[in-house]
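Participant: So the chains spell out like this:
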Amino acid sequence: MTFNDSFITAIGGLKTNKSRSALTILGIVIGICAIILVMSTGKSAEDLILNQIRGLGSQTIFVDPGKEPQGPSDFGEIFTDSLNQKDIDALLKPSNVQGLKDLTPVVMQVMPVTFESEKIRTNIIGASDLIATIFDIFPNEGAFFTDDDIRQKASVAVIGSEVKKKLFGPSDALGEKIKVKGRTFRVVGVLQPKGQVSLFNVDDMIVVPYTTAQQYLIGINYFNEIIIQAESEDIVPRVVRDVKLTLRETHGIDDPDKDDFYITTQADAVERVQTIMSILSILLVSVTAISLIVGGIGIMNIMLVSVSERTHEIGLRKALGATEDDIMTQFLLEAMVLTALGGIIGIVLGALFSFLASLILSKIITFGWIFTFPVIAALLGFGVATLVGLVFGLYPARQASLKSPMEALRYE
Amino acid sequence: MAVIEVKNLEKTYYNDSVATPALRDMSFTINKGEFVAIMGPSGSGKSTLLHILGFLDRHTNGEYRFEGRTIDEYSKKEIARVRNKKMGFVFQAFNLLPRTTVFENVKLPLLYSDVKKSRRDELTFKAIESVGLSHRINYESSQLSGGEKQRVAIARALVNKPNIIFADEPTGNLDSKSGQMIMEFIQKLNEEDGHTIVLITHETYTAEHAQRIIQMFDGEIKSDIKVNHRHKARDYFEK
Chain A
0 MTFNDSFITA
10 IGGLKTNKSR
20 SALTILGIVI
30 GICAIILVMS
40 TGKSAEDLIL
50 NQIRGLGSQT
60 IFVDPGKEPQ
70 GPSDFGEIFT
80 DSLNQKDIDA
90 LLKPSNVQGL
100 KDLTPVVMQV
110 MPVTFESEKI
120 RTNIIGASDL
130 IATIFDIFPN
140 EGAFFTDDDI
150 RQKASVAVIG
160 SEVKKKLFGP
170 SDALGEKIKV
180 KGRTFRVVGV
190 LQPKGQVSLF
200 NVDDMIVVPY
210 TTAQQYLIGI
220 NYFNEIIIQA
230 ESEDIVPRVV
240 RDVKLTLRET
250 HGIDDPDKDD
260 FYITTQADAV
270 ERVQTIMSIL
280 SILLVSVTAI
290 SLIVGGIGIM
300 NIMLVSVSER
310 THEIGLRKAL
320 GATEDDIMTQ
330 FLLEAMVLTA
340 LGGIIGIVLG
350 ALFSFLASLI
360 LSKIITFGWI
370 FTFPVIAALL
380 GFGVATLVGL
390 VFGLYPARQA
400 SLKSPMEALR
410 YE
Chain B
0 MAVIEVKNLE
10 KTYYNDSVAT
20 PALRDMSFTI
30 NKGEFVAIMG
40 PSGSGKSTLL
50 HILGFLDRHT
60 NGEYRFEGRT
70 IDEYSKKEIA
80 RVRNKKMGFV
90 FQAFNLLPRT
100 TVFENVKLPL
110 LYSDVKKSRR
120 DELTFKAIES
130 VGLSHRINYE
140 SSQLSGGEKQ
150 RVAIARALVN
160 KPNIIFADEP
170 TGNLDSKSGQ
180 MIMEFIQKLN
190 EEDGHTIVLI
200 THETYTAEHA
210 QRIIQMFDGE
220 IKSDIKVNHR
230 HKARDYFEK
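One line per chain: the protein sequences are A and B, in this order.
Residue numbering for the first sequence is 0 to 411, as defined by numbering that gives the first Met the number 0.
Residue numbering for the second sequence is 0 to 238, as defined by numbering that gives the first Met the number 0.
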């Protein structure tokens, strides 16, 4: 019997029991649908995060205090005071670091902010005015604070669009006085809506001179982070090296293992996100794969019922010249056609649900959620579904092929 | 030339170590072109014998040669091929595939043969034509009368041009008129087309359509005689 004939025979077998065939593949449909959904939304989430990171520009370098966290237990290392003004001064000397374009120290804390009767809690970012060029954020009303403001520790603030909306509603914010942690700040600029940039939600934050934040708001003399922009992407490794050497010199460190700071570049961040996302995807896909096993057992169960119901047919086919292989192929193909069909339906439904999910998510998150449908997920889904048919169809098909034609013909 | 040679054939069923002999010390030969009826009451072992002759079951002792070879000389695949190419089966219960057309039912043995795809339809049409069912070709088996079903089964048995046709109570489920018509076809296959026929029946009247009757009783051959006054199924309709 040719493969083509077996295939047609298998389809015929399935057609005679349409509703049962449909119910049987439901498990596979749901399993594949879940896998597609997870992989598709996972890919969209990854793209979203990567776009935000890349949005910062690939020449951005982060210097953080403490040791690079290797796990959750190292988290406390972030809150150390190893970066301070002395480091900034050293880094800004061209003789120490070549090719440094912009630099800003950053301090940050979530604080209560009030305007008249409105009260909110938001991120207070203490930075230099250069954060505007590094983050590519500019006020569409007013202007950023200046170098003078930083030197004079002026109480001026540039507020995000979301903050403006919450505190002032439709009325004008420029020149108004807001209170941060009890201290009065004058609003000098309102930022354009931009969404997330790296870890910062630009719309929901207030930028003040870092000197002001250090002294009057947080009461520290160190920085939470230093953000550096290299002149171009190509020289990033060289700038990183120079920054390391400079900081080791100012901190008096000989052994690189004892560094009390660590440096992250955009490339590192991208790589890290990709690693996390793929681990997360694998984990979720493995969980959903359990439903495929359940679906496969359902297939096996129904195929066994089908084999015993069709004992007579099997006997007849054998009497008419079907070999064991012919019978085996027929039933195996039935199982595989069933699951492959379930796979296709699952892929279509999965794509549909992912699309709906992306519609909803883009409404909730507002920025940059794009529907992606990874072709690899579809291929994988189809392959896995067919494989499930092969694995779970094998036993029933073998049972069918071993039936003695005489016994089978006698069976009523 | 002997198509079937049976020597001291025995078949014993073992069930929970209880041995039930079904066939005992049977010996006979069936030559090419013969029409033999195996007759006996139910339980006499005639169906068991037919299953062994048709390679659907194995004997326990003695010897059975089909075209000179014993079943042990064939591989499983070859046994399937012999059933497919050299033997045709007609059953009492017709055994057509449900929800399948006459055409597909008759074509079934060709799917398992090495007949070229392009030839299959043609052979199927011919076989259906030979049993006079061309007008029912696209009917499903459930839409046919009993007699028509059995004619489809005969067409299916013929389609691969087998050397021998085994018919197991082919008229058992039919009214006498349809039964006669089936017997007419079977006689015609033997006389006009030269097929060797082994017919199983418990009715003397049906058996007397054959050239020779092997009488069985309790798993043994009681008599093996030539039929002197054969019934001609065609005469039945002319009466």
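Derived from the structure by calculation, the hints contain no laboratory data.
Since the model is a prediction, treat every value here as computed from it, not as a measurement.
Treat the hints with care, since some could be wrong.
As the list claims (entries may be wrong) - In silico lysine-lysine, DSSO-like type, Cα no more than 30 angstroms apart, as pairs:
id, chain 1, residue 1, chain 2, residue 2
1, A, 17, B, 6
2, B, 225, B, 125
3, B, 31, B, 76
4, A, 165, A, 100
5, B, 125, A, 14
6, B, 84, B, 225
7, A, 152, A, 118
8, B, 125, B, 85
9, B, 116, A, 14
10, A, 17, A, 118
11, A, 118, A, 85
12, B, 187, A, 14
13, A, 193, A, 152
14, A, 118, A, 100
15, B, 76, A, 14
Participant: Could you run down the list of hints and mark each one as holding or not?
Facilitator: Now the hints, each set against the structure:
Distance restraint check for residue 17 of chain A and residue 6 of chain B: the Cα-Cα separation of roughly 50 angstroms exceeds the 30 angstroms cut-off, and the hinted pair is therefore not satisfied. For the given pair, residue 225 of chain B sits about 33 angstroms from residue 125 of chain B by alpha-carbon distance, which is inconsistent with the 30 angstroms threshold. Simply put, residue 31 of chain B and residue 76 of chain B have alpha-carbon atoms about 24 angstroms apart, close enough for the 30 angstroms limit, and the pair holds. A hinted pair counts as satisfied when its Cα atoms are at most 30 angstroms apart, and residue 165 of chain A with residue 100 of chain A does not qualify at roughly 35 angstroms.
For the hint linking residue 125 of chain B to residue 14 of chain A, the alpha-carbon distance of about 28 angstroms falls within 30 angstroms, and the restraint holds. Simply put, residue 84 of chain B and residue 225 of chain B have alpha-carbon atoms about 29 angstroms apart, close enough for the 30 angstroms limit, and the pair holds. Distance check on the hinted pair: residue 152 of chain A and residue 118 of chain A sit about 24 angstroms apart at the alpha-carbon level, within 30 angstroms; holds. A hinted pair counts as satisfied when its Cα atoms are at most 30 angstroms apart, and residue 125 of chain B with residue 85 of chain B qualifies at roughly 18 angstroms.
A threshold of 30 angstroms between alpha carbons decides the hint, and for residue 116 of chain B with residue 14 of chain A the separation of about 23 angstroms falls inside it, so the pair holds. Restraint check for residue 17 of chain A and residue 118 of chain A: the C-alpha separation of about 63 angstroms exceeds 30 angstroms, so the hint is violated. A hinted pair counts as satisfied when its Cα atoms are at most 30 angstroms apart, and residue 118 of chain A with residue 85 of chain A does not qualify at roughly 36 angstroms. A distance of roughly 38 angstroms separates the Cα atoms of residue 187 of chain B and residue 14 of chain A; the hinted pair therefore is violated under the 30 angstroms criterion.
Restraint check for residue 193 of chain A and residue 152 of chain A: the C-alpha separation of about 27 angstroms stays at or below 30 angstroms, so the hint holds. At most 30 angstroms may separate the alpha-carbon atoms for a hinted pair to count; residue 118 of chain A and residue 100 of chain A exceed this at roughly 38 angstroms. Between residue 76 of chain B and residue 14 of chain A the alpha-carbon distance is near 29 angstroms, which keeps this suggested pair within the 30 angstroms criterion.
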